[in-house]
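Now for the letters of each chain:
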Amino acid sequence: MPELIAPLAGNVWKVLIAVGDKVEMDDEVIILEALKMETPIYCDDAGTITELKVKEGDAVNEGDVLAVIG
Amino acid sequence: MIAESLREYTMLNILKELIYSSGAVSLTGGNLVMWMVAFVLLYLAIKKQYEPLLLLPIAFGILIVNLPLTFLMEPEHGLIWFFYHYGIEQDIIPPLIFLGLGAMIDLGPLIANPKTLLLGAGAQAGLYVTFFAAILFGFDLQEAGSIAIIGGADGPTTIYLTSKLAPHLLGATAVSAYAYMALVPIIQPPMMKLLTTDHERKIVMTKLRPVSKLQRICFPIVTGMTIMLVVPPAAPLISMLMLGNLFKESGVVERLTNAASNELMNIVTIFLGLSIGATMTASTFLSPKVLFIFFLGLFAFVVSTAAGLLMAKFMNLFLKDKINPLIGAAGVSAVPMAARCVHKVGSEANRRNYLLMYAMGPNVAGVIGTVVAAAILLKNLG
Numbered sequence: 001m002p003e004l005i006a007p008l009a010g011n012v013w014k015v016l017i018a019v020g021d022k023v024e025m026d027d028e029v030i031i032l033e034a035l036k037m038e039t040p041i042y043c044d045d046a047g048t049i050t051e052l053k054v055k056e057g058d059a060v061n062e063g064d065v066l067a068v069i070g
Numbered sequence: 001m002i003a004e005s006l007r008e009y010t011m012l013n014i015l016k017e018l019i020y021s022s023g024a025v026s027l028t029g030g031n032l033v034m035w036m037v038a039f040v041l042l043y044l045a046i047k048k049q050y051e052p053l054l055l056l057p058i059a060f061g062i063l064i065v066n067l068p069l070t071f072l073m074e075p076e077h078g079l080i081w082f083f084y085h086y087g088i089e090q091d092i093i094p095p096l097i098f099l100g101l102g103a104m105i106d107l108g109p110l111i112a113n114p115k116t117l118l119l120g121a122g123a124q125a126g127l128y129v130t131f132f133a134a135i136l137f138g139f140d141l142q143e144a145g146s147i148a149i150i151g152g153a154d155g156p157t158t159i160y161l162t163s164k165l166a167p168h169l170l171g172a173t174a175v176s177a178y179a180y181m182a183l184v185p186i187i188q189p190p191m192m193k194l195l196t197t198d199h200e201r202k203i204v205m206t207k208l209r210p211v212s213k214l215q216r217i218c219f220p221i222v223t224g225m226t227i228m229l230v231v232p233p234a235a236p237l238i239s240m241l242m243l244g245n246l247f248k249e250s251g252v253v254e255r256l257t258n259a260a261s262n263e264l265m266n267i268v269t270i271f272l273g274l275s276i277g278a279t280m281t282a283s284t285f286l287s288p289k290v291l292f293i294f295f296l297g298l299f300a301f302v303v304s305t306a307a308g309l310l311m312a313k314f315m316n317l318f319l320k321d322k323i324n325p326l327i328g329a330a331g332v333s334a335v336p337m338a339a340r341c342v343h344k345v346g347s348e349a350n351r352r353n354y355l356l357m358y359a360m361g362p363n364v365a366g367v368i369g370t371v372v373a374a375a376i377l378l379k380n381l382g
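Here the protein sequences line up with chains B and S, keeping their order. If you read the first sequence in the working numbering, its first letter stands for residue 1, the second for the next number, and so on. If you read the second sequence in the working numbering, its first letter stands for residue 1, the second for the next number, and so on.
Isolated chain B, as found in the complex:
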């Protein structure tokens, strides 16, 4: 199942999706904050969000799974 991976370390600033949402390729789904800068994370796949692994305020490392897309 395709996963949405954090491309850099930071804190989860905004989660723009919820479980069950349909997403398209290139949708902006999560915004990370690192070094006082907001970095939007885009979807690499189309599908439905089946699992959300993070919530706003969480610290994530590069390579962490943010969400699972079914």
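No wet-lab data here; the hints were simulated from the structure. Any given hint could turn out to be false.
[Stated by the list, open to error] Calculated pairs, BS3-like style, for lysine-lysine (alpha carbon to alpha carbon, straight line, at most 30 Å):
no., chain 1, residue 1, chain 2, residue 2
1, S, LYS193, S, LYS48
2, S, LYS202, B, LYS36
3, B, LYS55, S, LYS344
With chain B's structure known, arrange chain S on it following the hints.
Leaving out everything else, chain S in the frame of chain B:
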């Protein structure tokens, strides 16, 4: 009748005294110009939020030393003079800022990708070019060194070096260093686009290797010792930087890490800003020299940015896994503004390009490079 005129006379005298002892009559045109400078900086700090933590106390410092007869900068007497004397002349504040900086920065990206150390070194080129340019403009060697260091885009190092080599230029070099740091998002992007191709900007870099805790702990100790053995004059700044970083990476002195990076940093920032502002009296600041300093500082910064970008492109000639040359621009210090700027320009070319952490490598290497360059200047000119 006599009593009345006597009373009138004394009243008049008191009034006269009051007027003469007030600062207002001693105001000069220069003071008024400096008020304008202070108000512009206050506006930039409060309304535009350009480096407000520093600009606000600097601007206020300028304002109050340009009120005549307050004697705030009077040697051995004035309040701000004591801040300046002990904080800056005696070199207490810049190393303490470095302690806090060390406790905040993550050297991980540099450890993971030590090649980027070359970018931090390459971006110091502007400094050396400007040194000679300043001499051509008629500055003496000490002044030229202080102006050149602006190209390193590191505030505390600029202040540290200028206070030792050319203290009369302190206000101008410090303000221009901080100004160019704040202007990174305006100055750097056009140069980045000019010196790199769209294809290069799109390069996605290979994932950074993970860095172990042991490496993170050893790095500040080993690097710090090496630099101090090779260039001893770098010791005050480098030792504090590495100690701060060791606080952070050791993970056992969280209270010290927090104290160094928050409370202590904030406290010394107040004294730093006020003291820098207070060096800018009309008589020292309003000279054609200062305009040249701003111009040469900008030149230094631009050449350093270009050198970093070109160095990265040069390295790519030999590397199998190409680096994105944009990260070379982060080799000027300006932590983390320059890294943010690289990230932004990179994501404009390819929105799945996340260069922030890759740019932090050369960015922190730039800080170290600037300190080493300052130490070399200090050793030869001081």
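Taking the hints in turn, this is what the structure says about them:
Taking the CA atoms of LYS193(S) and LYS48(S), the gap is near 26 Å; set against the 30 Å cutoff, the hint holds. Proposed proximity of LYS202(S) and LYS36(B) is supported: the alpha carbons are some 23 Å apart, at most 30 Å. Restraint check: the Cα-Cα separation between LYS55(B) and LYS344(S) comes to about 25 Å, which is no more than 30 Å; the hinted pair holds.
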